[in-house]
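**Student:** Given chain D's structure and the hints, the job is docking chain L onto it.
Which chain is which? The protein sequence lines are D and L, in order. First residue of the first sequence: 1, per the working numbering; consecutive thereafter. First residue of the second sequence: 1, per the working numbering; consecutive thereafter.
No lab work stands behind these hints, which were simulated from the structure alone. If a hint is listed, it holds; no wrong ones were tucked in.
What follows is a set of in silico ranges between Cβ atoms, one per label pair, in the way DEER data are often shown:
hint, chain 1, residue 1, chain 2, residue 2, range
1, L, A121, D, Q277, 32 to 40 Å
2, L, R116, D, P129, 46 to 54 Å
3, D, T276, L, S133, 25 to 33 Å
Going by beta-carbon spacing under 10 Å, a handful of chain L positions derived as facing chain D:
hint, residue
4, G60
5, L61
6, E78
7, P80
8, R81
9, P96
10, K98
11, F106
12, K111
13, Q142
14, A152
15, R155
16, A156
17, C159
18, L165
For each residue, glycine too, the CB sits at the ideal point set by N, CA and C.
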Amino acid sequence: MTDIVHIQRPAGAVSRARPPASPRWSWNTRLLGVVFIGLLLVLWEIAAAKAIFPPMSFPRISSILATWWQLVTSGELPAEVLPSLWRMFAGYFIGVALGVAMGLLMGYVRFFYNLLEPITEVLRPIPSPAYLPIMILFLGIDDEMKIFMIAFATLFPVLLNTYSGVRSVDPIQLQTARTFGVSGRRLLTQVVLPASSPFIFTGMRISLAVALIVMVISEMVAASSGVGYFILSAQRGFKIRDMFAGVLTLAMLGYVLNRLFLLIESRVLAWHYGYTQQRS
Amino acid sequence: MGRPGRAILRVCNLHKVYTAAGTATIALNGIDLDVETGSFISIIGPSGCGKSTLLQIMAGLATPSSGDVFFGTTRVQEPPRDVVYVFQQYTRSLFPWKTVERNVAFGLENKGTMSRAEIAARTREMIGLVRLSGFERHYPWQLSGGMQQRVAIARALACRPAVLLMDEPFSAVDALTRVGLQELLRSLCRELAVTVVFVTHDVDEGVYLSSRIIALTRAPGTIAIDMPIELPAPRDQITTRALPAYLDYRARLLAQLFADEALNNVEAA
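Just chain D, with the same shape it has in the complex (with noise of 0.2 Å):
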């Protein structure tokens, strides 16, 4: 009964029977998801332990963290990320660049937002799977393949959310421009972009999921290295360990992207966040 007390309280908050110097600690943080997961790991390590799925699939977790540990210092592993990183991030600055050039394209020149618009959404909606054979009769199984595929996939979210951006810059910071004589491509470093600057993180950051599973896939279907050949080869060839292992790698990657990314957005747009609670 005590326990649900002290979950109900806010994070931080002080006892009151307690003076205020003195807070009560609380395990009410970010702490309590960590210890979760390392409680579901530990059941996951007793569950395999009494062999309640077949041992053969579900190895133990502290077996897959060595095998894991292992393939990382054989440099087994390393071997398969560094390839799959480099396709990644290729397409990614690739689909990145354009999106953002096509969405300015777009939002800037009526033109080309008639010209480009219907094709966009003809395009969009068909899954990034469904073009990989296409893409494999035309760029093979190489690197080039990945990288169109991933660069093709990244590019629609930040190109809708560029033009959106553009769309909604302030018509007062326009005019404001045009009082100062600020026109052309002055106009679109220092004002177009930067005020849309929000919009194309907001792209970015769902482009990078959408990479990485891009990249995964890809790799699964056709290839000879990275991490997405790496499970399913691991998979057929009945190394269970390598295949979690594998997996692990990808949660550890996608999260620490993630972090990397966000790290970066609270940076840039350090602004933005000033700006909007002001506001508020």
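**Tutor:** Frame of chain D; chain L shown alone:
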């Protein structure tokens, strides 16, 4: 730019018609106005009388339905280089991703005629003039409303414009801050010899600041009153505002506004 007394900005037979949902609204109906170099003109009128529209057309930010605006001898179609417009909504007009310093330098950087060092020096000078030294690296949203409008004024005057067009620039700040901004604007205009056209709905503000006042009628907007304001210099927030002449100007303008709004019996009410 131009000798004192000569028209620097001329508005000739200006009309503006808005069409919305099939009905045409006449906002401005034949406005003629010569803005003389060195003058401080206030345009007052009931809300919706088209005074902001008039100012935007003078700035080249909006197009008239008919009639012309001339800056010197050239017809205004795009914002002229030496005319700068100050917006009422400073929070939206200042660029929130730029620091105070970068905001003030914005117009200068686009001129392309000044070196980096000259821009830095001018920026520093302007920030000093609006008494914001020490806030160069702050962002506009970290400052109070009055300070933000001072940044906007510094940014506008940094370019040394011949004409400053201001659309109700002080209407969003409290009364005391407004008095401070009025005094700042007066001293800056004197110092930098800039001609000002100032839109306001505040009769007192208009009379106190101006050398001439234009009162517009409600839409369709025409000029109801066009009179010089001859108050002795130096003007002062307390003594000038107590002068019989000041009160007389104020009464005439208020009478016009109230008549226009059919508020003649406002005192009886």
